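Kindly produce the complete structure, drawing on both the sequences and the hints.
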Amino acid sequence: MNSTLIDKFDNWVFDTFRSSPESLAMLRIFYAAYMILITGFPRFGWISQVPDYFFDPPEISIAGVFFSGFPNAAFFTISGAMICLLYTCLLFGYRTRLVSILITPLLILNLNFIYSFGKINHDTLFFTIIPIIMSFSNWGAVYSLDSKQGNNSSNEIHYWPITLLAVIYGFVLFSAAVPKLFSGYLDPSYQAVYAHVDRYYHAVGRDMFLLPFFVTFKNVLFWEFFDYGAVIWELLFLPAIFHKPTFRFFILIAILFHFVNLLMLNITFANILPIYLFFLNWSAFMNFLKNRNIDTFLDKLITARNFLIVLLLSFAHYLIFDYPEPILLISTKTGIYISFVLMLLACIFAIIDLIVSLRRKPA
Amino acid sequence: MKKSHVRLLFLLIFPFLFLQLFIGKKFSEPYPSFIFPSFAKVPDAEFRFDKPECWAYFADGDSSAVDINELFRPMPVFLHERILRNKMKTQAIFSEFTEQQRAQLKEYLKERISGMSGRTDIDAFKVKWYDYVRDANNQINRSYDKSFAVNLQ
Numbered sequence: 001m002n003s004t005l006i007d008k009f010d011n012w013v014f015d016t017f018r019s020s021p022e023s024l025a026m027l028r029i030f031y032a033a034y035m036i037l038i039t040g041f042p043r044f045g046w047i048s049q050v051p052d053y054f055f056d057p058p059e060i061s062i063a064g065v066f067f068s069g070f071p072n073a074a075f076f077t078i079s080g081a082m083i084c085l086l087y088t089c090l091l092f093g094y095r096t097r098l099v100s101i102l103i104t105p106l107l108i109l110n111l112n113f114i115y116s117f118g119k120i121n122h123d124t125l126f127f128t129i130i131p132i133i134m135s136f137s138n139w140g141a142v143y144s145l146d147s148k149q150g151n152n153s154s155n156e157i158h159y160w161p162i163t164l165l166a167v168i169y170g171f172v173l174f175s176a177a178v179p180k181l182f183s184g185y186l187d188p189s190y191q192a193v194y195a196h197v198d199r200y201y202h203a204v205g206r207d208m209f210l211l212p213f214f215v216t217f218k219n220v221l222f223w224e225f226f227d228y229g230a231v232i233w234e235l236l237f238l239p240a241i242f243h244k245p246t247f248r249f250f251i252l253i254a255i256l257f258h259f260v261n262l263l264m265l266n267i268t269f270a271n272i273l274p275i276y277l278f279f280l281n282w283s284a285f286m287n288f289l290k291n292r293n294i295d296t297f298l299d300k301l302i303t304a305r306n307f308l309i310v311l312l313l314s315f316a317h318y319l320i321f322d323y324p325e326p327i328l329l330i331s332t333k334t335g336i337y338i339s340f341v342l343m344l345l346a347c348i349f350a351i352i353d354l355i356v357s358l359r360r361k362p363a
Numbered sequence: 364m365k366k367s368h369v370r371l372l373f374l375l376i377f378p379f380l381f382l383q384l385f386i387g388k389k390f391s392e393p394y395p396s397f398i399f400p401s402f403a404k405v406p407d408a409e410f411r412f413d414k415p416e417c418w419a420y421f422a423d424g425d426s427s428a429v430d431i432n433e434l435f436r437p438m439p440v441f442l443h444e445r446i447l448r449n450k451m452k453t454q455a456i457f458s459e460f461t462e463q464q465r466a467q468l469k470e471y472l473k474e475r476i477s478g479m480s481g482r483t484d485i486d487a488f489k490v491k492w493y494d495y496v497r498d499a500n501n502q503i504n505r506s507y508d509k510s511f512a513v514n515l516q
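Sequences listed follow chains A and B, in order. Mapping of the first sequence onto our numbering: position 98 corresponds to residue 98, and the numbering continues sequentially without gaps. Numbers in our numbering are just positions in the second sequence, counted from 1, shifted up by 363.
Because the hints were derived from the structure by calculation, they are not lab data. What you are looking at is a predicted structure, and each value in this text was computed from that prediction instead of being measured. Some clues are possibly wrong.
[Said to hold, decoys possible] Pairs of lysine-lysine, DSS-like flavour, derived with a Cα cap of 27 Å:
hint : chain 1 : residue 1 : chain 2 : residue 2
1    : A       : K8        : B       : K366
2    : A       : K119      : B       : K469
3    : A       : K333      : B       : K414
In structure tokens, the structure reads:
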């Protein structure tokens, strides 16, 4: 490889999402807060109460290979409490690197049992893998107990983990597009998106937002636009990761896509929202926070005393409330309404972010 | 992580992602995997689907419909119908399980139904499957298809 190509490659890997240690720290805080306050600590205890008759894990998974039934209540109580502890540590940036590395396998192990009933939910993928990938970034360098207590062994900051998240995100959308190319999805005599709308209304029984309207709307061109638009967008997302402005535009489309899905099919994607935080224009956002001293305010909240208070509240909440799952996994109307508000906010935020980016770097 | 290691990681990640996609599509989807659902399956021209109904039967001849969401509480809602579909669709499925697993299921169903109905004289639990088909007049017609029953006496 010649040096120009290597330089371009390096520039893409190491500098595409270059921002600042403060931005990474804010990402850590927002991600952990989203998980604690919005998604809610996962509850796994109920799994031990169901019979092994229901045990149907993915063949290629830890549960599928090493387990013949569901673990007992003690397993889930301890692992659930550990997840509470680890997310609180992450929020306050205490032993950040170690905690980030531990959260992902613990979540995967527990979620594996939720997905051992014959169905995998894919919207939890990103909130699961974010901590272990970001552990390489040193996202606990500032606004953290680590920085205040001198726990950091290195001050080196890396931005390539965000590029890696972008690669994975681009790929998963690509993986959704490929089967559509070979299934007849793009057959002009058949409107695939409409078929899903029809099925969600009549067979699944969803009837919220614009779904009752769209099920009566049978314009062929309109639905073909969605059929082709979805496939083209999903396919092009992967190459778009190599060009930041295009990628940013695709991110905006992604958020709008989720919002339209919610309105049209009543499918919630709020669990996937944390990933979009990582692709925001963080230098502009940090300026906004700094100009209003929000960063200083947040930094002052990061104390050992507040850590203990939040930890105690987390444990109390975990022990007292026995709801079975993160609130947004609940396919109930309440969950869908909460999702609507979050998706709407995400759309507004993404549009502002794109406008700010374009104004700062006019084409 | 050294710069050279990161470069290597980014070079290897693409073949890895394609490999796990191939395994997921060709054999069985691993968990975790970096694959999103495609919603690519094109339904038949005939609009058809099936839905379950759960019933409890009591010793005095009474019967009552069982709310699926109540039955499986506190499991996440997205699993309820999936469990019925995978494990309670045909009677043949029941015989695929060990005696112990069947006994566990019976115990679980008894406990849940008696908690919901306040009755302990439960004779049986049945999942009835109904076919729904849209006719030429755009009407959706329902017909009984098959059932799955567990004796809880």
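A quick look at each hint next to the structure:
Note on K8 of chain A and K366 of chain B: the hinted pairing holds, with a Cα-Cα distance of about 14 Å set against a maximum of 27 Å. Proximity of K119 of chain A to K469 of chain B is assessed by CA-CA distance (about 23 Å); at most 27 Å being required, the pair is judged to hold. With a C-alpha separation of about 20 Å, the suggested pairing of K333 of chain A with K414 of chain B holds against the 27 Å cut-off.
When the structure is compared with the earlier hints, no violation turns up for any of them.
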